[in-house]
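Here's the letter readout for the chains.
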Amino acid sequence: MRRYIAVRVASLIPILFGVSILVFAMQALVPGDIVDIMMGGDQAFGDKNAEARMRRQLNLDRPVPERYVLWLGGMLRGDLGTSFVSGKPVLGEILRRLPVNLELATLAIAMALCLGIPIGTLSAVRRDTWTDAGIRFGSVLGYSVPNFWVATLTVLAGSLLWPGMPILQYVPFTENPGRNLTLVLIPSFVLSLTVLPLIVRMTRASVLENLRLDYVRTARSKGLPERRVVYRHVLANSLIAVLNVSGVQIGVLIGGLVLTEEIFILPGIGRLLLESIQKRDFPVITGATLFLATVFVTMNLVVDLLHAALDPRVRR
Amino acid sequence: MPPSTPVSVAERAAAVAVPGVEVPATSRPERHLWRQLWRRKTAVLGLFLAAVVLGGALLAPWLAPEDPLAMGPRRFAAPSASAWLGTDQFGRDLLSRLLYGARVSMVVAFAAVGMAMLIGGMVGLCAGYFGGRVDLVLMRGVDVLMAFPTLLLALAVVATFGGSTRNLVLAVSLAYIPIFSRVVRGSALSVKQNDFVEASRALGARDARIMFRAVLPNVLAPIIVQATFNLSTAIMIEAALSFLGLGVQPPAPSWGGMLSEARSFMELDPWLALAPGGAITLAVLGFNLFGDGLRDILDPRLT
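Sequences listed follow chains A and B, in order.
Just so we're aligned: 103 in the working numbering is position 103 of the first sequence, and the numbers increase by one with no gaps anywhere.
Just so we're aligned: 252 in the working numbering is position 252 of the second sequence, and the numbers increase by one with no gaps anywhere.
Derived by calculation from the structure, the hints in this document are not laboratory data.
Each hint should be verified, as a subset may be incorrect.
[To be verified] EDC-like, lysine to aspartate or glutamate: derived pairs with alpha carbons at most 20 Å apart: (1) K192/B x D135/B; (2) K192/B x D299/B; (3) K41/B x D128/A; (4) K41/B x D299/B; (5) K41/B x D132/A; (6) K88/A x E275/A.
[What the hints assert, rightly or not] With the Cβ distance kept under 7 Å, some of the chain B side facing chain A (calculated, not the full set): (7) V144; (8) A147; (9) F148; (10) P149; (11) L151; (12) L152; (13) A156; (14) M236; (15) S264; (16) G277; (17) T281.
[What the hints assert, rightly or not] Computed far set for chain B versus chain A, every beta-carbon distance over 10 Å: (18) L33; (19) R40; (20) L59; (21) A64; (22) F110; (23) G131; (24) T165; (25) F212; (26) A221; (27) A239.
Glycine is no exception: its CB is placed at the ideal position from the N, C-alpha and C atoms.
Next comes chain A alone, as it looks inside the complex (with noise of 0.2 Å):
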């Protein structure tokens, strides 16, 4: 096993040095020239020496190769380079807003998995009624029914069951947990929207293929009652199917985050990264991307790990 985690946390070096380059190549390839686009693209107004000391700052009077690795050195020391409208560094403005992605995304898994698996079992266990039917009709349509429009949808909804009611600040959970709470609940379980259907179908699928395995039939024969073969036996093996595929999940958990935080106003990494796309802060965007796609391969990662440990036929 340990043998195992060193392989693939060594192989996650390449894959990242990949993301680095093509993060960078997207920042040097912007059409025209960053330092106009800072200066409002208006020439007629530029200074022509400020111009030129930006430039140096921003390391562009060197050639692309030296300037990536510049860049990269001060990735690697934690510096993400500064926004060019705040002027703070941009590893700290994300760092700020982690916890409520944090906070949201985990709260959205944890609704997903406490209503996804029970409702997947239910379904493979009434196999081919009605209600497998209706689970199965409604997982389809809960993976085409697109998640903003649902965010809001629930938007609309709550402005007109409570007219002119104030739109309410966000509000760290370190400070008031209850109303942060009232506010991040319903936004987290639009999210967990996101990722039921797929967690249904997996635990369906998922508890049939385990249904038809011996050791079903060995615990049903020596006298085990129905549930608790479902729920001890079977359950627990097919929980290790459902893992495997939240590697899936937390990609479309991150877009979807960027959605739900522009829809339901809450200040996290996603509505950083759109503020900054719409002010064309460049330092801003690389770095929140590059942070987010760390995120996602770091927690494949550890998902796959999970079930490696688990499951001892994976690691080979």
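Let chain A serve as the given structure and place chain B on it in line with the hints.
Below, chain B without anything else, positioned relative to chain A:
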């Protein structure tokens, strides 16, 4: 999958190696496929929905009662005989805008998935067929693209190059290249093991010929299934990017953009938010149901 048409190893090898000699079409697998598809109610429903959206997109100029950009005096009009879905904040006909919005959606989805299929398919085919160092290099590149959540990668591309139909296609197809590479590579690896590939090589067929005549037809089924599902997610990503103001720029109608604009007026007129979201849902649902049916038939081991 091909095993439904029994063809001997020798015949396959001959078809691969000798130009002009074709395997006689004894039973056409396509007809078989349609019959099976027809028996699945949900797949038929999916096909119907997809056809409606596609037809609406193709025939928009003839079907739309109004010019989608023409502003009228009646704002926020309720659905009526003259405007079936009512009008928006500028008095524009909602139905006409939905129909033209379908064009953006379909163009982006089909172009992006087509491009990803072509590029990703080639990458996967080469990686799977040649193996070794080629495989290593190509798949490392694919791994890098996989390191981004789909929406994030598309977002980064559009943020860098600006929002337009062309950039949307570019963004979505880039995000989908890895999926196709992986699917095709996996299938190519398993097809490569077959005797008929070995046989055609022994008969002196060149690599390119083996790849396109022997390996490619055998990976078509998983590619088609994957493409159908990706059409539905591509519609979703296009809508999301347009919703965020990073897709097709207003006043051009797009479903995501319409939903986003509706946010300021939806308390006044909930229809404005309901209609475009409903259109996205039906389109995505259509391709998903159709894809489910296709997968059940073409790729039974995945269910």
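Results for each hint:
1. K192/B x D135/B: holds (14 Å)
2. K192/B x D299/B: holds (18 Å)
3. K41/B x D128/A: holds (15 Å)
4. K41/B x D299/B: holds (18 Å)
5. K41/B x D132/A: holds (16 Å)
6. K88/A x E275/A: Given pair K88/A, E275/A holds - Cα atoms ~15 Å apart, limit 20 Å.
7. V144: At about 3 Å, which falls below the 7 Å cut-off, the nearest Cβ of chain A leaves the hint on V144/B intact, so it holds.
8. A147: Cβ of A147/B sits 5 Å from chain A, so the hint holds.
9. F148: OK, holds: F148/B within 7 Å of chain A, min 5 Å.
10. P149: holds (4 Å)
11. L151: Holds - the Cβ of L151/B comes within 7 Å of chain A, reaching about 3 Å at its closest.
12. L152: holds (6 Å)
13. A156: Holds: closest Cβ of chain A sits about 5 Å from A156/B, inside 7 Å.
14. M236: Holds. Min distance 6 Å.
15. S264: violated (11 Å)
16. G277: The hint holds - G277/B has a Cβ within 7 Å of chain A, the shortest such distance being about 3 Å.
17. T281: Where the cut-off is 7 Å and the nearest Cβ of chain A is about 5 Å from T281/B, the hint holds.
18. L33: holds (21 Å)
19. R40: holds (13 Å)
20. L59: holds (23 Å)
21. A64: holds (23 Å)
22. F110: Per Cβ check, F110/B is outside 10 Å of chain A; nearest 18 Å; holds.
23. G131: holds (19 Å)
24. T165: Its Cβ never comes within 10 Å of chain A, the nearest being 17 Å, so this holds.
25. F212: holds (29 Å)
26. A221: Non-interface label on A221/B holds, nearest chain A Cβ at 20 Å vs cutoff 10 Å.
27. A239: About 6 Å separates A239/B from the closest Cβ of chain A, which leaves it inside 10 Å; violated.
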